[in-house]
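From first to last, the protein sequence lines stand for chains A and B.
Heads up: the first sequence is residues 1 to 513, going by full-length UniProt numbering.
Heads up: the second sequence is residues 1 to 472, going by full-length UniProt numbering.
Read the hints as simulated data drawn from the structure, not as lab findings.
Just so you know, these numbers come straight off a predicted model, no measurement behind them.
Check the hints yourself; a few may be wrong.
[To be verified] Derived DEER-like restraints, expressed as beta-carbon distance ranges:
| no. | chain 1 | residue 1 | chain 2 | residue 2 | range |
| --- | --- | --- | --- | --- | --- |
| 1 | B | N390 | A | R67 | 19 to 29 angstroms |
| 2 | A | Q405 | B | K86 | 58 to 68 angstroms |
| 3 | B | Q393 | A | S271 | 49 to 59 angstroms |
Just so you know, even glycine gets a beta-carbon here, dropped at the ideal spot from N, CA and C.
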Amino acid sequence: MKLAYWMYAGPAHIGTLRVASSFRNVHAIMHAPLGDDYSNVMRSMSERERDFTPVTASIVDRHVLARGSQEKVVDNITRKDKEERPDLIVSTPTCTSSISQEDLQNFVDRASIASDSDVILADVNHYRVNELQAADRTLEQVVRYYLDKARRQGTLNQSVTDEPSANIIGIFTLGFHNQHDCRESKRLLQDLGIKINQIIPEGGSVQDLRNLPKAWFNLVPYREVGLMAATYLERNFGMPYVSTTPMGIVDTAECIRQIQKHVNKLAPTLSNRTLNYEPYIDQQTRFVSQAAWFSRSIDCQNLTGKKAVVFGDATHAASMTKILAREMGIRVSCTGTYCKHDAEWFKEQVQGFCDEVPITDDHTEVGDMIARIEPSAIFGTQTERHIGKRLDIPRGVISSPVHIQNFPPGYRPFLGYEGTNQIADLVHNSFTSGMEDHLLEIFGGHDTKEVITKSLSTDKDLTWNSESQLELNKIPGFVRGKIKRNTEKFARQNGVTNITVEVMYAAKEALSA
Amino acid sequence: MSIKISETLTFECETGNYHTFRPISRVARSYQKIEDSFSLVVGTKTCGYFSQNALGVTILAEPRYAMAESEEGDISAQLNDYQELKKLCLRIKKDRNPSVIIRIGTRTTEIIKMDSEGMAPKLEIEIGIPIVVARANGPDYASTQGEDTVLAAMAHRCPEEKISTGKRNKTIQDQAIQDLFPFLPLEKKGETPKPIRFRNNPPLVLSGSLPSTVASQPSSESKRQSIQVPGWLPAQRYSDLPSLGDGVYVCGVNPFPSRTATTSMRRRKCKLIGAPFPIGPDGTRAWIEKIRSVFGIEARGLEEREQQMWETLKDYLDLVRGKSVFFMGDNLLEVSLARSLIRCGMIVYEIGIPYLDKRYQAAESALSRDTCRDMCIPMPRIVEKPDNYNQIQRMRELQPDLAITGMAHANPLEARGINTKWSVEFTFAQIHGFTNARDVPELVTRPLRRNNSLGDLGWTGLVKKEEGMKFN
């Protein structure tokens, strides 16, 4: 047992559900007790999803614990099959089913006979993998299932497209700025004259998965989800993949150069030409993206040598560290990730760009580290945002876990050339606001702070007795002042001089009426 | 048009495939309420992930709550439960020094059959802090019932009421009251301007955790009616738990603590006052009237007070009159809320509810029936353990003006042109007593008022290709 208040990555089934509900017309059925459909709330609230989340639970109650699920799982699968007619039903184990050790595979086999939908059991173990690993695994499992099926049915089409084309793998629901990144990646590929073959899992159809091998290569923008599927496709279909995250000026260029390498393996034979993306990279870097110019401007000069701490998932923390250190001249004192399973890769990526590399999923450790370093800015998750708030250090959010604020309706990619602009803004705003705060403190604060509010209380004619004083103190701080003013206003209007608890409530009733 | 009103309530029971919060979500409530407690949830990552998302920012404000996260070694019994738990409790004692540790069991501890109740007494002696065990697990309970299990466990810890000796331990009792209700006049407090004399009613304990500002309102309400409330379960501090025992009356303020009521009656020999719940002016009045009638005290001016509250609600009532509501059901407040809304002039199509304790809610159900009769509307069907999928199909037919639903369905329903109000807000808002009478209609009318201001912009259906109410 370990004591935990906060976790960075969620439990395994959340990853599976996120992948399953990203596909079109795929339904997930969890084997879980009441209340475990919480991921629906997250999707519906955080992503402001308009459609019902295609996830239901096959409820584990006392009866199930006593006698086993028996027909229940099978019935739930076949019922969903009739109601929704999904292409695929993903049966999802949870921590509960891990312990109760029911033979879910058997249920799935039986249900798939009775239903028109395909039915698979997500191959994830609650105690071995976290949300991100499970998402990666589930995506690979679905891809493999449909390619195997197509191969068996002889409908597999292995001939590549005439024009250069790519699959984007790993864009999914509740991913940090994934929707915007998806649009930006598409734009990048379009600029390069590359057609999008498929984007999975977000918005993809499992029926189309058999056409995945038609693309020339796969683009895997995030380290966490999609690599397993990409390596599977490479092994079985010889499809190359690009896994350099196009985040920041340097890495975006690097990603484009790798794309060029893969495209030029096929382009001379298929379309009789060799592609050269260097002019595009140069044009974008110097004139379209503002980030390269920003790093030369005197704004950014002022950031030179400022201390920062970075923490997040492997992809975003590594990219952000490289951007801060390599592209903006900021000193990254420490950069860490909670993706413990990918620690080796992470250390290699940030080597030479920072002083310390903590790999931990304990947020108190991260908090203590930040307190010790006292950086000028923090780039992290929601948790680090709160740590920054408490320590009064400016902060920017760069990675999951996040909340609803980080699902902005406005266009905010982190990837590609527009992404570099967004990141420049984020960094600039964090540091400048920090500078402003310091200056204000030195010069005695904003004068607006000193404005004497037109207070209604003169402390002369009104007295609060000790009970009402106590009652007032129980009211949360942020509304206390208002309640006090309202009560006094009411007391004055009614000619009351001694404010008792009764007066307080009478005031509340009168004013809200 | 005459409508036949059935005299009996109709109950239905569906599949139990509905969305609700896990009972451990109420941990948030308990630890905020009981200031010197520390809640330890023993469970897996799933429970932890849920609480951190559901509790949102509170979790990062140094909560008096933590997860004991079970690892593979715990499940396969390679590690000793007792030793592991002791290690964590000692750490909590060192870091926070609480007066009580509330140890919340989850589905995991149920399945691996961890003997929590057995371990607690031994552990308690070893570490020197009371350990209260509550099983708030998903297989057995829904959302607010989590609080019920905590309170029921607390009821065992309440000191014994020694009414037979005639003299209670006055100083301790006074202190408890003093802390809970600083305004209650006590003899030793000379400065109290006009001491109100209480009738000599037997001790009354109200159960259900309410925010402290709200908690003092029902008791000041009873004070107006000269009923003395010696205690609340839970109290602000664990050390101030009220006395229970033979001759003590208990009364619920919320519809969900039915286990607590049972425990108070059966184990602590208390007498339960079965009353409607003080939600809405009608409920509050009926609640006080019931308590008074039990104590044989005549009600004074209650009718006027209720009437006066309705007057102040007039602007809201104009908005809701004749509008229809559909409760999907997830927090057990549904019957009381529906009753109050019917009194407001609304039509309720369906009351979904996770669990209905017919005995504990008997008075509330009776009041609902009377309210329907008075308002001349048919009694809505009450659907226990509802099936969300079926409910959405029904809603598609009925097209209610308002759906009171969980957050999982709210946005999808709004996108299909059905106004929604998140049910969770009712569990956190201040909805009890006369003083808060405006808060329920405030919540209920919010989507309706939003509609008034967005007027005729013409974009209510916001889903691509009208799939209607398909679940997917």
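Open item on the list: Just to be sure I understand the hint, the distance between the Cβ atoms of Q405 (chain A) and K86 (chain B) should be within 58 to 68 angstroms; is that true here?
Closed with: 41 angstroms, violated
Open item on the list: A range of 49 to 59 angstroms was offered for this pair. Does it hold for the Cβ distance of Q393 (chain B) and S271 (chain A)?
Closed with: 53 angstroms, holds
Open item on the list: Quick check: does the Cβ-Cβ distance between N390 (chain B) and R67 (chain A) fall within 19 to 29 angstroms?
Closed with: 25 angstroms, holds
Of the numbered hints listed earlier, the single one contradicted by the structure is hint 2.
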